[in-house]
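A.B. asks: Single-letter residue listing:
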Amino acid sequence: MLAIRRLTKEYVPGKPVLRGIDLDVGGRGITAVIGPSGTGKSTLIRCINRLVEPTSGEIVFENESITSLGRAELRRVRRRIGMVFQEYNLVERLTVMENLLCGRLGYVSPFKAWLRRYPQRDIERAFDLLETVGLAAHAQARADSLSGGQRQRVGIARAMMQEPRLLLADEPTSSLDPKTSVEIMSLMRTLSDRHGFPVIINIHNVELARRFADRIVGMTGGRLVFDGAPDAITEQHLKAIYGGEDWLH
Amino acid sequence: MAARTGSIRGAAFPAHWAARAAWVLFALYLAYAASRLELTPARFAAGLEHGARFVSRLFPPDFHRWELLVKGMVESLQIAVVASALGVLIATPLALLGARNLMPAWATWPARALMVLCRTFHPVIVAILFVKAVGFGALAGILALTLASVGFLGKLMTEAIEEISLRQVEAVRATGAPFMSVVMYAVAPQVFSRFVGFVSYETDANLRNSTMVGIVGAGGIGGTLFAAFQRFDYDFVCAIVITIIALIMAGEVLTVRIKKVFRA
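Those sequence lines, one after another, are chains X and D. Mapping to the working numbering: the first sequence position 239 is 239, numbers consecutive. Here the working numbering runs 1000 ahead of the position in the second sequence, where the first position is 1.
If you're looking for bench data, these hints aren't it; they were derived computationally from the structure. All values reported here derive from a predicted model rather than from experimental measurement. Treat the hints loosely; a few may be bogus.
Where chain X lies over chain D, by a calculated footprint (3+ residues, C-beta under 8 angstroms) [to be verified]: (1) 1159-1172; (2) 1185-1191.
Below, in silico cross-link-like pairs of lysine-lysine (DSS-like), each with a Cα-Cα straight-line distance of 30 angstroms or less [what the hints assert, rightly or not]: (3) D:1155 to D:1132; (4) X:179 to X:239; (5) D:1260 to X:112; (6) D:1155 to D:1071; (7) X:112 to D:1132; (8) D:1260 to D:1155.
Quick reminder that beta carbons are idealized off the backbone N, C-alpha and C, glycines included.
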């Protein structure tokens, strides 16, 4: 359903961050992308919804070539791709409810959005999702009054508002404590299983990746160096991905 | 050993000879400029004597022609409010166009150039131009202060927009939201309370300037004030000045209140 072909990205000409990535993601399950900082994981995930413009290569999502779409068509595709961020990226001064409804902005005209005139169905869905993520009591709270874990739940609920066909998560647990990290990962696991959409997660924590992912992709130096099941990844692979070995023991 | 570490570490507070030279040059120029303008104690004493006579003639203030006073003040107030409102209306989209973090260069340069142009001349000079162009009266004052507001608000608003967190913009953009929705949901909430501050500040400035553009015939209390000066009606001048002070203070209190409402 998602096919990435020879994807290259150069922020500075001649210094590629991604060096010809080939990756296929099927219709279900969690794919964890692991790799050292600065190796292009965030760039890879942002190329998929073109928050970052790829330099070359092709990305096909549900039989549509994302890389060759015009602006209006790109927005139409983005509506079907949810995204969760490391720093949550909620609009701090809006309420939780307004943040959730941001997930419907691709479907509502700017004028109606400004007047907060959303279809009743969207509002019902927002309340349902708030119950799912355990924040029903906080609908009218301002996003900047929430804790990190609560914010990430709002971030996930906002992505779920889009009724996504694919969820991208960029280091969703890196700003959270270990217990909250596990809760956030299992929330995404549950939602992915229940609604049947694939998830691509950039993640630092190899243990979390092993525990929650169906598939692990290892990246280093802008290339894929491992692709397999979580229990297939060995210390040798980790050495190849992160370099060195002292940290393993 | 000590010499070696000393040479590596250098002085903790190195002397800035260029800065010292600049201060000396500045002091010399100040002395020169003062001497050229005959800023002498004797001239100052003569001025003080004159001033004392003037002040004594200001009092008691004469409020007999209060109708003229009220008419001028009301017009000034209207000029200030209308010019501020028009200024906000024009400056807001212009500021968005001028923000380098959201707009491409072909949009930011013209928008910024327009804002600089609006700020180039003092409102009184612009008012003179408009009096010549559209004739005496409040319209000239409104146009002059609108232009000044656009220049000033535009600059402040553009800077505020350029300081927003782009993470929030990125997230809203990722949902497939159209540009205007991104502006309303990710940009506006981040800048709104600052905009309220800018607008109240600009309204305050317009209130002060609207009492002045009348001097060049662009409407408001300024014309009455200038006429009173020229006829040496200093007691009426005093009444006008007291009223202007009262109005500015009332405006100050009001803007503080308004800001409080929007800070929620």
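A.B. asks: Each of the hints needs a verdict: does it hold here or not?
C.D. replies: Verification of the supplied hints:
no.: 1; hint: 1159-1172; verdict: holds (count 6)
no.: 2; hint: 1185-1191; verdict: holds (count 4)
no.: 3; hint: D:1155 to D:1132; verdict: 27 angstroms, holds
no.: 4; hint: X:179 to X:239; verdict: 27 angstroms, holds
no.: 5; hint: D:1260 to X:112; verdict: 28 angstroms, holds
no.: 6; hint: D:1155 to D:1071; verdict: 34 angstroms, violated
no.: 7; hint: X:112 to D:1132; verdict: 45 angstroms, violated
no.: 8; hint: D:1260 to D:1155; verdict: 24 angstroms, holds
Checked against the numbered hints given earlier, this structure breaks hints 6 and 7; the rest are met.
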